[in-house]
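Model the full structure from these sequences, guided by the hints.
Each chain, written out:
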Amino acid sequence: VAVRISADGQEYIRALSLGVTSQFAFACWLKPSVDRNSFSTPVNFDNNSSANSIRGIQTGMDGVTMEPYHFNGPFTGTKATLVVGTWYYFAVNFNGTAANWRYRASTAASFTAASFTGASDSSITMTTLRLGDSAWGAEWFNGCLAAVKIWHGVNLTDAEMDNECWRYVPQRTNGLVAWYPLITPETADYSGNGRTLTGGAGATKEDGPPISWSGRRATSRIPATTSITEFSGWGVPI
Amino acid sequence: MATVSQLLLPEEAQFLGSSFAQFNKVNGTNLPVASLAYDATATEYAFWKWVAFNYGSGNITVDLVWYADTASTGVVRWEVAMAAITPDADTQDVETDTLATAQTVDDTHLGTVGQRLHRASVAIAGLDSVAAGDECWLRVGRIGGNAADTMAGDALLTSVRLSYSDT
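Chains as they are written, first to last, in my numbering: chain A, 121 to 358; chain B, -11 to 155.
Warning: the hint list may mix true and false statements.
[What the hints assert, rightly or not] Pairs of lysine to any residue, SDA-like flavour, derived with a Cα cap of 20 angstroms:
1. A/LYS325 with B/ALA140
2. A/LYS325 with B/LYS13
3. B/LYS37 with A/CYS285
4. A/LYS325 with B/GLN103
5. B/LYS37 with A/TRP286
What the hints contain is simulated information worked out from the structure, not anything from laboratory work.
Take a look at the structure:
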């Protein structure tokens, strides 16, 4: 299950106060539910100003062509064309004036990678996180979000990006500064860093992406002579 | 003779890219409730990989523990199927393996309280020639579009319990 944003003003916001940042990463699952035929923004980082210091991913004016962007426009590189109603995983690194991502549709057999260049600035003042809208406002994402994970001061390797795809629970904890499962409209930061979201009023929930919570196997004990029961998916042995 | 039991949890379920149930967690009044959400009008599946530790013989009993998201009446049609491969012995391509014949069970909401737990039980006869130590896959689905499935709203699966004889 996942959070559904269906109107302007339903976005989530968090004051990050992470200072001047040149290197960070995020991963999330997203599903465009309705093509707004306008800029649509699942994830945005900014300095609380629409004038400068912005990073994120956003569709173009067609509503379905996803691209990473900075305050002066989109990065230069191969964009992703989304299909309305399909779940996509995106993992995105920002590094100075460059960026790269790996994404995958739920129905795809492999990841697609792309590298980007051309940001007007080599760092941003990472003041505010917005999920479901941009710093410019009214560029809201009409769709679903889930499993949002944010790392600060680091980039993920290709393998780490792919590894984060299949689980709500973050696999890399080094540099993790926030984690929002968004299984239901809630504001909690599950990373333990206390970066509780605000907003989300009116957001609802819909069917989620095809990923497990942790992917961890249950363990088993084998009986010698008597019946037994085994546990547990949380790694807690009986 | 003993009974071997295994517990498969929503947290560890895996999914194909389409027709999938979704992981769900509700923060209840006093405890969190994790589940897999199955739609009322679609066919949706979840998968678990498990090992047939000490499997002896006979059917494998699958208990599905579930509750209704919104309904307090109606019937849920569950479907269970499994596949088994013996490493080093079976030449079957694991990526193209098929599941044995699926079996269904219809479980009726017992009413009174909408979100009470129910248990649907089915004995898997389509065992795919399982042997002790086999690598196995279990698929659990709700056939929401079937005429026998009359419950409105999601069916939320909280656990799957396997049991079988070691002799």
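TODO: Could you check the structure against the hints above and give me the numbers of any it violates, in ascending order?
DONE: none
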